[in-house]
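Chemist: Those protein sequences? They're chains Z and H, same order as listed.
FYI, this note's numbering numbers position 47 of the first sequence as 47, with every residue one higher than the one before it.
FYI, this note's numbering numbers position 39 of the second sequence as 39, with every residue one higher than the one before it.
No wet-lab data here; the hints were simulated from the structure.
Built from N, CA and C at the ideal position, the CB exists for glycine as well.
Incorrect hints may have been included.
What the hints assert, rightly or not - Covered stretches of chain H (chain Z as the covering partner; in silico rule of three or more C-beta atoms under 8 Å from a C-beta of chain Z): (1) 16 to 27; (2) 39 to 53; (3) 56 to 68; (4) 71 to 85; (5) 89 to 98.
Stated by the list, open to error - EDC-like, lysine to aspartate or glutamate: derived pairs with alpha carbons at most 20 Å apart: (6) Z/Lys81 x H/Asp41; (7) H/Lys58 x H/Asp41; (8) Z/Lys94 x H/Asp41; (9) H/Lys89 x Z/Asp57; (10) H/Lys46 x Z/Glu32; (11) H/Lys89 x Z/Glu88.
Stated by the list, open to error - Per label pair, the in silico range of CB-to-CB distance: (12) Z/Arg62 x H/Ser54: 43 to 53 Å; (13) H/Gly18 x Z/Lys75: 30 to 40 Å; (14) H/Gly42 x Z/Leu18: 30 to 40 Å; (15) Z/Ala12 x H/Glu11: 23 to 33 Å; (16) Z/Gly61 x H/Ala96: 26 to 36 Å; (17) Z/Ala68 x H/Lys58: 27 to 37 Å; (18) Z/Ala13 x H/Glu11: 36 to 46 Å; (19) H/Thr70 x Z/Ser19: 51 to 61 Å; (20) Z/Gly61 x H/Thr15: 36 to 46 Å; (21) Z/Pro15 x H/Pro76: 26 to 36 Å; (22) H/Leu75 x Z/Arg39: 32 to 42 Å; (23) H/Val72 x Z/Lys54: 49 to 59 Å.
Take a look at the letters that make up each chain.
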Amino acid sequence: MTKSELIAELSAANPHLLSRDVETIVATIFNEITAALSRGERVELRGFGAFTIKQRDARTGRNPRTGAAVPVDEKVVPFFKAGKELRERVNRGKSA
Amino acid sequence: MSTVTRAHLTETIYTQVGLSRNESADLLEAVLARMSTALEDGQSVKISGFGTFSVRQKGRRIGRNPKTGTEVPILPRRVLVFRPSQVLKAHVNHTAIPTGDDE
Numbered sequence: 001m002t003k004s005e006l007i008a009e010l011s012a013a014n015p016h017l018l019s020r021d022v023e024t025i026v027a028t029i030f031n032e033i034t035a036a037l038s039r040g041e042r043v044e045l046r047g048f049g050a051f052t053i054k055q056r057d058a059r060t061g062r063n064p065r066t067g068a069a070v071p072v073d074e075k076v077v078p079f080f081k082a083g084k085e086l087r088e089r090v091n092r093g094k095s096a
Numbered sequence: 001m002s003t004v005t006r007a008h009l010t011e012t013i014y015t016q017v018g019l020s021r022n023e024s025a026d027l028l029e030a031v032l033a034r035m036s037t038a039l040e041d042g043q044s045v046k047i048s049g050f051g052t053f054s055v056r057q058k059g060r061r062i063g064r065n066p067k068t069g070t071e072v073p074i075l076p077r078r079v080l081v082f083r084p085s086q087v088l089k090a091h092v093n094h095t096a097i098p099t100g101d102d103e
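Isolated chain Z (complex conformation) (with noise of 0.2 Å):
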């Protein structure tokens, strides 16, 4: 499923709804998220999961083609883990 489809099919659920709004509401929770993990804050969605960054230290890395060491510098990357509701759904699986 992919952020149209997601938008096509709330817009569906919700024919009160301009669709042009509910694209400016699925937007403004990704933009919300992408802000908060940004200003190095976590953002917490009980049953769902919960987003949060995480400090990698700087390594000599190499290139794979060559074999030649290569220094990677000291990142942050983002990070999601699910929520324990979410995690059992997916484990369970709707058909069983």
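Following the hints, put chain H in place on chain Z, whose structure we already have.
Modeler: Frame of chain Z; chain H shown alone:
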């Protein structure tokens, strides 16, 4: 470290879209619910500019209780993984935002 919750996201939707607070909360819930159902079905959810949530099948392996050292079988299971997009990675690092095709 401060934490952003449903209440914050609801408030942002309320101010940006002009729906009532109740309806803003309902829509946020609807977005999360629809994404959850897709993932439960084993589908990937791909949000361009943000990242991709996908379901990965893991095989059976032998784990170990780290405290006692006893071997415990870990049964095959399905886990959710999130791959952040290049755009999201750039944002959190405050580096230049890549343009063009985003995976």
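Chemist: Against each hint, give a clear statement of whether it holds in the structure.
Modeler: Consistency of the hints with the structure:
Counting residues of the stretch 16 to 27 of chain H whose beta carbon lies closer than 8 Å to any beta carbon of chain Z gives 5, which meets the minimum of three for the stated coverage. Check on the stretch 39 to 53 of chain H: 14 of its residues sit with their Cβ under 8 Å from a Cβ of chain Z, so the three-residue criterion for coverage holds. Restraint check on the stretch 56 to 68 of chain H versus chain Z: 0 residues with Cβ-Cβ distances below 8 Å, three needed, restraint violated. Here's how the stretch 71 to 85 of chain H fares: 6 of its residues keep a CB closer than 8 Å to some CB of chain Z, so the rule of at least three is met and the hint holds.
With 5 residues having a beta carbon nearer than 8 Å to a beta carbon of chain Z, the stretch 89 to 98 of chain H meets the requirement of three or more and the stated coverage holds. Simply put, Z/Lys81 and H/Asp41 have alpha-carbon atoms about 19 Å apart, close enough for the 20 Å limit, and the pair holds. This hinted pair checks out: H/Lys58 and H/Asp41 have alpha carbons roughly 16 Å apart, not beyond 20 Å. Note on Z/Lys94 and H/Asp41: the hinted pairing holds, with a Cα-Cα distance of about 6 Å set against a maximum of 20 Å.
Between the alpha carbons of H/Lys89 and Z/Asp57 the distance comes to roughly 15 Å, so the proposed pair stays at or under 20 Å and holds. Among the hinted pairs, H/Lys46 with Z/Glu32 is consistent with the structure: their alpha-carbon atoms are about 17 Å apart, no more than 20 Å. Between H/Lys89 and Z/Glu88 the CA atoms are separated by roughly 28 Å; this puts the pair beyond 20 Å, and the hint is violated. The hinted window of 43 to 53 Å between Z/Arg62 and H/Ser54 is violated, with their beta carbons roughly 27 Å apart.
Range check, H/Gly18 to Z/Lys75: Cβ separation about 38 Å, and the 30 to 40 Å hint holds. Hint check: H/Gly42 to Z/Leu18, Cβ distance near 32 Å, so the stated range 30 to 40 Å holds. Separation of Z/Ala12 from H/Glu11 is about 26 Å and conforms to the stated range, judged on CB atoms against 23 to 33 Å. With their beta carbons about 20 Å apart, Z/Gly61 and H/Ala96 fall outside the hinted range of 26 to 36 Å.
With their beta carbons about 34 Å apart, Z/Ala68 and H/Lys58 fall inside the hinted range of 27 to 37 Å. For the pair Z/Ala13 and H/Glu11, the supplied restraint of 36 to 46 Å is violated, since their beta-carbon distance comes to about 23 Å. Distance hint for H/Thr70 and Z/Ser19: a CB-CB separation of about 56 Å, consistent with the stated range 51 to 61 Å. Z/Gly61 and H/Thr15 have their C-beta atoms about 43 Å apart, which keeps the hinted 36 to 46 Å range intact.
Checked against the hint of 26 to 36 Å, the pair Z/Pro15 and H/Pro76 fails, with Cβ atoms roughly 42 Å apart. At roughly 39 Å, the beta carbons of H/Leu75 and Z/Arg39 sit within the given window of 32 to 42 Å. Between H/Val72 and Z/Lys54, the C-beta spacing of about 27 Å breaks the proposed range 49 to 59 Å.
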